[in-house]
Structure formats: C-alpha cells, structure tokens
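Novice: Residues per chain are reported as follows:
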Amino acid sequence: MKAVIIGGSAAGIQAAEELRGLEPQAEITVISDEPHYPYSRCLISRHVEGKLAPEGLRFRTGRFFEQHGINGWLGSRVERINSEGKTVHLADGRQAPYDRLLIATGARPFVPGIPGLKQGNVFTFHSMADAEAIVSAAQDARQVVVLGAGFAGLEAAYALARRGKQVTVVERMGQILPNQLDWTGSAIIQSDLERSGVRILLDNSVAAVEGSDAVSSVALTDRSSLVADMVIVATGTRPNVELAQQAGIATQRGIIVDAYLQTSAPDIWAAGDVIEIDDISTGRRLCSATWVNAILQGRFAAWNMAGRRRLYTDAVGIQNAVQFHHVPAISFGQTLVGADSAEDFEVMTLRQGQVYKKLVLQDDILRGMIFVGDIAKAGFYAALIRHRVDLSAVKQRLLDDDFSYAAVMDLNSFGQKNPYANTDPAWESDAFWAQRAQAAGIIR
Amino acid sequence: MKRLSVRLERCTGCQRCEIGCMAEHAPGQDYYTARAAAAAAKAPAPITRILVESGGDGRAVPLVCRHCHEALCVSACMSGCMQKDPKTGIVTNMGHEQQCVGCWMCIMACPYGVITPSQDVAVIGGSPFAQAIKCDFCPQRDTPACVEVCPNNAIEVLDD
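Protein chains in written order, with our numbering: chain R, 42 to 485; chain A, 854 to 1013.
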C-alpha cells in the first residue's frame, strides 16, 4: 500500500507513526510545506521566550522519518490532488501516487483587513518561521502591540514581555480568552498576566497600523494611538481547505468527514485542524484547532486507512490548558452558558481568592468545566464530560475537595484495565472483616 | 506491560504508600528532610504520585496511574515528553529527549486525576519549566516504593 499524508504536524505525524505500526510494509510519505523537522506548534512561544532552542520544539525524535522508514518530504508544497488518478502533484513538479491519502493540512492565521498590515515588523504567530522572524526582529524592537487576546496572542505577549519588551494586547471583546473562559475566570488570568508586565486593552480594536516601510504606531478605534515597532496579529485561524476544495471534496468551514474520518472522496481521509467535528459537549459542529484532537484524529484516520474500521466519537472541541505566569487554567467543553440560553443548564461555582471553579451540568450530566488556580483532577472532570456519566448520586459532592475518581469508580472504568478488579468478592463479609482485622494487626 | 493492581479490601487508608512515594522521589530518598526544607524555603511540599482518596461509601481507595493502553496523557502531550515504553508499558514524562514544559495538557487529559502540577524547585531541578508529576514506576527500584511500603500488601505489580 502506498499512503501519502499531506501535513507534517500533529495529525500528519501521528497518522504516519500509527500507520507504520499497523502496516509494516506500506510505503508512507509525509509531505510538509514547512522546511523544519516536525515540531510542536504549541511550543513556539517557548522559543520566542528564549527557553527552548528550535530543536527543543520537536515532539518526536530528530530521526523520526529514518527510524520509522517514512519518506519525509519537507519544504515541499502540494499544488493539487488528482483524486481520479490518485496522485498528489507538488509545486516543484514531483508527483506522489497514492492508494490511501490523508489530508492534514491544518489551519493558517486569519489576517483581518486592517490597513497597514502588509509592512515590515508585522507578524502572525502560528509557525516556526513566525517565531524565528519574531526572535530576530525582537532584538531591536521595544514596544509590541498584539492584536487579539486569544490563546496565540496572549502566548506571544507573555513571551515577549519576558524578553523585556513593553507589550500591549488589544482585544475587541470585553474580556481576554473569550472563547475559552467566562468573565470571572478571564479576570483572574488577566490580572496574573498584568503582573507579568503585559498591558491589556479591552473593548478596543486596531483601526490602522501606521509607518513608512516598518511599523511606527498603531491607531485604535477609540482614537488613541500606541507607539509600536512590532505588531503581532493573532485574530484566529482558518482551515486550509483549498486543496480539498480543488479536488471536489465536500467542505464547509472545514473539510466534512464521516465518523471514520473519511472525506466525500474515495480513499481520502482528513484529520486535524482542517476538519469539522461534532462536539458532544455543545452538540455543535466546529473546527477544533486543539493538539490532542489532532493527535487522536491522526490515530483514528490511520486505523481506517489501514482498513481497521475505528469509529471516531466523543470528541470535545473546546479543551484548553494554559499557564502564562503563575496561575494555571483549564477549560473543557460547554462553559459559556448565557443567561438567555433556552436550554436548562445548572451552573455550580466556587471562588476562593485566585481559585475559581465552574461546572456546567444539564440533566445531571456534566457538560463543561472551568478550573482556574487549582487544576488538580481536571482530567477526571473532563472524563465525566466525555463519558456522559450520570452524576445524580454524587451531585452535591462535585466541588468538594475530596471528590475524586474514587467516588465514581463503580460507575465507570473509563475504558482502561481496572486495577481494582481483583478485589475479593467477599468484600465486607464476615470473612472480609476477619481478614481486615488481621491485616491491621488486631487479634480477635 | 506492567501496571499496579490494588486489593481494596486490604487497604486501611493509612497513606503509607503516599509517604513511600514522596520519599522515593525526594532528594536523597528522604521525605522528612525534603518536607522540612520545602517548608523553610516556603516552597511547595513534596507531591505524591499515588493518592489515597475516599470512595463513595467512605472506604479508602488508593488512586493509581493505570499506565493506560493508548494513554490520553500521551496523546495530549504537546511536547512529546509523555511516552509509553513499548516494552514495559510504563508511561512517564521524564528521561526522554523531549522535556516537560508544564503545559498541563496531560492533567486535562488524565481520566483518573493522577497527574499533578508541580512548581517545586527540587522536582524541577535544572529545567526552566514547571513539571507534571506522575507515577514513573520508580525507575531506580525493582518494585515501586508504594508496593513495598504497604503493610497490608494491598498494592501489587501485575505484568500482563
């Protein structure tokens, strides 16, 4: 079997690795338009901050392709997919015939139509190339303006503040991280960021970026202006669907796939930030742009490409973990429930200083969570959401300090081997108490 | 594939497994000195990687890492440091080419809540990052410390 994978980030690399394990004889080619050895996009802020060298961003070893016997075509751009002739055509004239194809082309930064974004020292924050350009420009830059207080924007802002730059983040909405956190959670993270030296302007946006040749200032919609010698645009991403569209594959915002991650075209699958998924926590279709979802989709797509049918279900689109300065935060699932929501949600919250916890329930099933300041056991709550565990029996204890997996262990093993399975069936019988007394050294 | 198994009826909730775990992972394998040093430096106390929690009916339940098949913490790890050893089956984020950067994705992923964030300098060592702390099956020992210190043999190692 000849397998071709377009895209060399999370979904593409995971699929290649998985496919090699399933199909030792297959000829596997990974094509990436980035010249860098596969690296973790999520770590570019650590490079900008100066904590990780470019090699430190690799999420597999530096010999991944050799070790797995996979062809790695780096710095190679795919021009079009011929789905009838089952061939991928590259911009440099090369061709890659395939039996099975995976499209894992990811997303790219969305750049809004603000005047002046075409000049020097304006960057996006999405790739190793962006990070390297920012690092080199940061040597002379002193004042940075970041457009957008989403994840990428705040990561960039924090990293540059740690390098001693004066950083101002401009956000259109009334809070930071508007897609991830509610108002209370975002206020805690905002004050944590501000203590690290980042300045944040809310309810404001950039009208124009000014300068001759390179940025000199930024005009805001409230008619004030900021002196700036570097601008970072972090206003969201858009899926790279063009290759799929040209090949006649069904797309909307992202590529449409079935429950086996197959596209509308025969022998073509898709995974990662380029696809739309059904989010079980909100019941909506969305493009997730989350590392763990891309990895899982890469794995499941590889199984299906190898002919081992594997259903991709229970995806949760919103899942984020973050710690900019001192305060960690995790948000998972349906957390943004408006007062005007027609649906019947129940919200539980707990607030103690820097610690804020919020749980969103519907019909005694957990739909979403926000943990700020104390993130211990967050994954357990996330599992309750993914597995839709009926919590009616333990609802009053959900935010107790001692509430843990132990309280629901009899309800759900979350799909793994149960370490408690060999517990004596005579548990709590007379023989049990005799044994327990003996174990505790009590002689009767 | 190695994993821990717990005989719940033998657990009295004495938490010696927690102390044994913290001792094993403290500098010089000395829990009390590590705890005193942390308190003196106003640093976080040592962290246990096995947690004795209370079950629904009040019984004590040692929560252990299951070293899962297709572990979610491994899938979630964006630096690639969380790996499952293909031979032993042990899942750990330490001792690999990639390093833990404290992104907390694994904490968000682990269904059993047995990975803990640590800002503890003694644990972080030379790393510039906070670290995720989890069961590493005690690489310096033949048998994990929690198994050895349990007075009631409630915890055992399975290899299946």
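Simulated from the structure, these hints should not be mistaken for lab results.
All values reported here derive from a predicted model rather than from experimental measurement.
Please note that a few of the clues may not be correct.
[To be verified] Lysine to aspartate or glutamate pairs mimicking EDC-like chemistry, simulated, CA-CA at most 20 Å apart:
#1 R:Lys206 with R:Asp244
#2 R:Lys43 with R:Glu68
#3 R:Lys436 with A:Asp910
#4 R:Lys458 with A:Asp989
#5 A:Lys937 with R:Glu283
#6 R:Lys458 with A:Asp938
#7 R:Lys127 with R:Glu235
#8 A:Lys937 with R:Glu235
#9 R:Lys436 with R:Asp471
#10 A:Lys895 with R:Asp270
[Unchecked claim] Partial pick of chain A residues on the chain R-facing surface, computed with a CB cut under 8 Å:
#11 Pro964
#12 Pro970
#13 Cys991
Just so you know, even glycine gets a beta-carbon here, dropped at the ideal spot from N, CA and C.
Novice: When the hints from earlier in the document are held up against this structure, which numbers fail?
Specialist: 1, 5, 7, 8, 9, 10 and 13
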